[in-house]
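Based on the sequences and whatever the hints tell you, model everything.
Residue 0 is where the sequence shown starts when you use numbering that gives the first Met the number 0, and the numbers rise one by one after that.
Take the hints with a grain of salt, since some may be wrong.
Claimed, not checked - Computed list of lysine-lysine pairs in DSBU-like fashion (alpha-carbon distance at most 35 Å, straight line): (1) Lys421 x Lys575; (2) Lys575 x Lys561; (3) Lys561 x Lys713; (4) Lys135 x Lys113; (5) Lys430 x Lys561; (6) Lys144 x Lys44.
To be verified - FRET-style restraints, in silico, Cβ to Cβ: (7) Met763 x Ile216: 54 to 60 Å; (8) Arg476 x Leu722: 33 to 39 Å; (9) Ile216 x Lys241: 47 to 53 Å; (10) Arg954 x His877: 25 to 31 Å; (11) Met763 x Glu440: 36 to 42 Å; (12) Phe14 x Thr208: 47 to 53 Å; (13) Ile380 x Glu324: 22 to 28 Å; (14) Asp209 x Gly377: 18 to 24 Å; (15) Ser25 x Asp209: 19 to 25 Å; (16) Phe13 x Glu324: 49 to 55 Å; (17) Gln636 x Arg305: 36 to 42 Å; (18) Arg954 x Glu440: 50 to 56 Å; (19) Glu151 x Glu173: 27 to 33 Å; (20) Glu85 x Leu269: 32 to 38 Å.
To be clear, the hints were calculated from the coordinates, so they are not data collected in a lab. Every residue gets a Cβ at the ideal spot worked out from N, C-alpha and C, and that includes glycine.
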Amino acid sequence: MTIVNKPISVRKIFFIISIYILILTSFRIGWVMYHQIPVHPEAEKGVIDLSEWTFTDHQTITLDGEWEFYPHEFLGPDSKGSGTEEYIRVPGDWRVAISDNGMQPYGYGTYRLKILLPEEDRLYGIRMKNITTAAKVYVDDALLKEWNSPTERPSTSGTERGPFSILFHNENNEVDLLIQVSNYEIPFQGGLTGTVHIGTETAILKETTDSVTLQIIVNVIYLLHILYAAYIFFFGKGKYRKEFFYYSLLLALNIISNSIDDNVLVQLPLSIAMTQKLLLFLFISILLVVLKVLENLFQIKIRFMRLLFLLYILLVVGVLFVPLEQFILFSGPIVIVFYLLSFSTFFVQTIKILRNGYSDAVFLLLMLTSYLSNAVWGIAINAGLVDIPYYPFDFIIPVFAITAILFRRHFHLVHLNEEQTKELQQADKMKDDFLANTSHELRNPLHGVINIAQTILDDKEAPLTAKNRASLELLVRIGHRMTLLLNDLLDITRLQEQHIQLHRESVNIHAVTSGVIDMIRYMTEGKKLRFHLDIPADFPRVLADESRLIQILFNLLHNAVKFTNEGSVSIDATYKNGVATIQVADTGVGMEEETRKKIFQAYEQGAPTVASMGGIGLGLPICKQLVELHGGRISVQSTPGKGSVFSFTLPLAVSVAEEIERDLEMAASVAEEIKRDLEMPTSALLEKQNDGMENIEAFHPVGNDFKREEKIAKILLVDDDPLNLQILQTMLTAEYEVATSTSGEKALMLLKTDAWDLVISDVMMPNMSGYELTQKIRERFTLSELPVLLLTARNQLQDVYTGFHSGANDYLSKPMDALELKSRVRALTDLKKSIQEQLRMEGAWLQAQIQPHFLFNTLNTIASLAETDIERMVTLLHEFGNYLRRSFGVHSTQALIPLQDELDLTRSYLFIEQERFGERLQIEWEIEDGVDFQIPPFSIQPIVENAVRHGVLQRVEGGTIRIRIKDHETYSEIAIIDNGVGMEQEKLKEILQASAGSRRGIGIVNTHRRLTRLNGNGLNICSQTDEGTSVSFQIPK
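The following block contains the structure:
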């Protein structure tokens, strides 16, 4: 990715180059001046007088000048030479002095210098910059250093290169320095070609350490850049990554060349001649790699690259197989051509790139200029024109130049990615908004279609043909499936916007799963599919939002059913360390590895064969997000052709002990309310029972409803702003009893003096905030005992989280919408009311009710018998009294009563009805001898009454009711069988479907619920039209 800007003119390019060269030169000159050696005496005629020189610990001086030189002779410490000495310039090449024609540098000889030092006893040092190629160093007849073993005959002297130092004591104020040198390897120079420095021990060590440290720092910088460039090359993403490879290679070559040149950080086990060829090879390789970096950075083709590669191969062959002397002659023209082509190509291509508007290339131009500058200064140093310590900046600047390009591109890509991400997010949001709006728009007409179709199906006055009924049922099923699809679209949008709030509670996973299986069965029509629910009924309860848990299980089971045409779907669960793991396994088509990787991504459907089965790929992503909202994890294992296993985790709700304790507390609360009812006078109890309770609900449809006076919910409003309180009070007063408080402290006092159904509080209040008030409330009341609705001016995640963390049930952002406020208030007050209703129903609904017309009819019968048969009247009056006494007696509020008591109540009722209807009502008793057990009150009589009123008496001729009680090994069975009119199958499906909050009577439905709650099994009903009905239930022993 290259960044195109305005093209740069040629004049501006050369101006940049000129300024940059000026900067580089200034840096070099500044470096030279900083390390410039002060003016000091030079050696003359083999003697240098430093007796008047003041040596310091931070500065060395040179021993440059005229040295004695003995060619072709190794002068020993005690020898005075053959008298053939001459004077030679140091540093310098000895070719003129060592060879007859002054052209060959091969040979050996001795350098000698007498040094006069100040009269002080201290430790001095001498640092040799470069000796070609072997030497022995003597100071006052003592051998202090041997460097590559100099010899008199041609031979390979060794492998050591670079500078070295020696230390000595100044004892006589006059030092005799003797250096034996030989060279049979380097063909272009020999002798003491490098400067010789002298100084105190500290100054010599400082100079050495500074130079070596700088060289190591450069290598470390190179290495760090190699690491990040190599990482991007191997692990980065994107099409263009070769530039990072060549950049790493360039830095690696620089590290190698830098390590074996100048201070020679690494001594290679190669001959000096081979090392020299290697250095030349590295310099040329660096230039070639720079061209490859240029090619890949800007995706261009360099015209002369093939020719350069050909020249490069020739140089490689020369390095490997040609001796150094011949290699210098052989490679000279090639190197010149290579350098000319490389530099000219580099400059021309870079200028073209700049002219095309790619401003990044200016950094490459600076890098090439730095490389060229370093080469020119290197030639000057090797020629002895200048002597300066190691200079690192020409090495570092090229690295920083390319790094600048890469980083500029990186930031440009980051910026581009951010812009593209925003565009994609905007497009994604538009897509989600479109889907959400479309879903909202489709829901109403779709529900209208479903409702119209269902209304036609339920119309009894215009029966449909079997074909039309099947078509309408198919239409309703398709409509429900489309509703699920629309719900998925809405849920995925809410999940992405984090708008879904969980209402966690203790949930029976067995019961929920069983219900979901029943919900999903309609999808298995036409499939040979079996469900296996392997979760035990006593499995620990989980902490979850029940509706969302149903959604998770429904989506997983729906997915299993969709991809399993034949076989089974099993659901089981395990728990460990407070976490439940639920598994949904099927024997369907399974999935490939690639499909498994993306199955939880929205709108992904996997393979085409999978996608052809329908859906838009939202069910499983919704499951994943909902499970994670619950703090769990979801995973899948699948084998193609064998099926899939989806597993997800949920936290357990409470321990078994805590669950038992909670149930005991609930039972104690119910018992306390029953006790209060028992302590009431009989008249008050009768008034309470008759104040809104109807008689027994008919087993067959009856017209009377269960009615009671609704208690108006009491709401406490808390806000420090009286205007807000007035607005809230105005909105709620019509439906609720409302009280207000202007502070949290006053609200807490009101909570102690009265019972409340809901607290609505502002968040921002002085002294005590709404959050703190909620925390105080939660110290006394649970979420269900006293709901709290918080009002906040902000709708940010932090505010919502703080509110829920404090214990709030819900929140609303201000200004409030009246309809939304009333809806939230209704939901929360209904929550409180349902809890209270459940507790009240446990006691109050145990008492069956007498319909007024039953009383009137019975009293009329008694009155008529008073005129015809006094004895029968007395008997009827006695049974009627027994009936009333047993209906309202103390035993009717107990959980269990003796069977005989329930039978006595039933006999009294039947006696009254037989007196009224005579031969039309026949009773048969089949009760085994010795049967005696406890049953819930009003568990037989309501069933018998339904059989009388809505069974046999619906026939003109009447009928027979048979009451049968049989004792079995593990249970006792009670059955009420009549030969009345019976019921249709559709009516039989509707039986026992009244909800817990229904306002209908408490007859058959209440009996069924109480039996189910007590024994785990309720009523078993069988009926056929015109043949009769059988109702039975079992009492375990």
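Status of each hint after checking the structure:
Restraint check for Lys421 and Lys575: not satisfied, since their Cα atoms lie roughly 43 Å apart, outside the 35 Å limit. Of the supplied pair hints, the one linking Lys575 and Lys561 holds, its CA atoms being roughly 31 Å apart against a limit of 35 Å. A distance of roughly 49 Å separates the Cα atoms of Lys561 and Lys713; the hinted pair therefore is violated under the 35 Å criterion. Restraint check: the Cα-Cα separation between Lys135 and Lys113 comes to about 16 Å, which is no more than 35 Å; the hinted pair holds.
For the hint linking Lys430 to Lys561, the alpha-carbon distance of about 27 Å falls within 35 Å, and the restraint holds. For the given pair, Lys144 sits about 25 Å from Lys44 by alpha-carbon distance, which is consistent with the 35 Å threshold. Judged by the Cβ atoms, the range 54 to 60 Å given for Met763 and Ile216 holds: they are separated by roughly 58 Å. Here the CB-CB span from Arg476 to Leu722 is close to 53 Å, at odds with the stated 33 to 39 Å.
Taking 47 to 53 Å as the suggested C-beta distance range, the pair Ile216 and Lys241 does not conform, at roughly 29 Å. As the Cβ distance of Arg954 to His877 is approximately 30 Å, the hint placing it in 25 to 31 Å holds. At about 38 Å, the beta-carbon gap between Met763 and Glu440 stays in the expected band of 36 to 42 Å. Hint check: Phe14 to Thr208, Cβ distance near 41 Å, so the stated range 47 to 53 Å is violated.
A hinted range of 22 to 28 Å for the beta carbons of Ile380 and Glu324 is consistent with their spacing of about 23 Å. For the hinted restraint 18 to 24 Å between Asp209 and Gly377, the CB-CB distance of approximately 20 Å keeps it satisfied. Separated by about 21 Å at the C-beta atoms, Ser25 and Asp209 satisfy the suggested range of 19 to 25 Å. Between Phe13 and Glu324 the beta carbons are some 41 Å apart, a value that contradicts the proposed interval 49 to 55 Å.
Look at Gln636 against Arg305: about 55 Å separates their beta carbons, and that is not inside 36 to 42 Å. As the Cβ distance of Arg954 to Glu440 is approximately 54 Å, the hint placing it in 50 to 56 Å holds. The hinted range of 27 to 33 Å is satisfied by Glu151 and Glu173, whose Cβ atoms lie roughly 29 Å apart. Judged by the Cβ atoms, the range 32 to 38 Å given for Glu85 and Leu269 holds: they are separated by roughly 34 Å.
In summary, the numbered hints that this structure violates are 1, 3, 8, 9, 12, 16 and 17.
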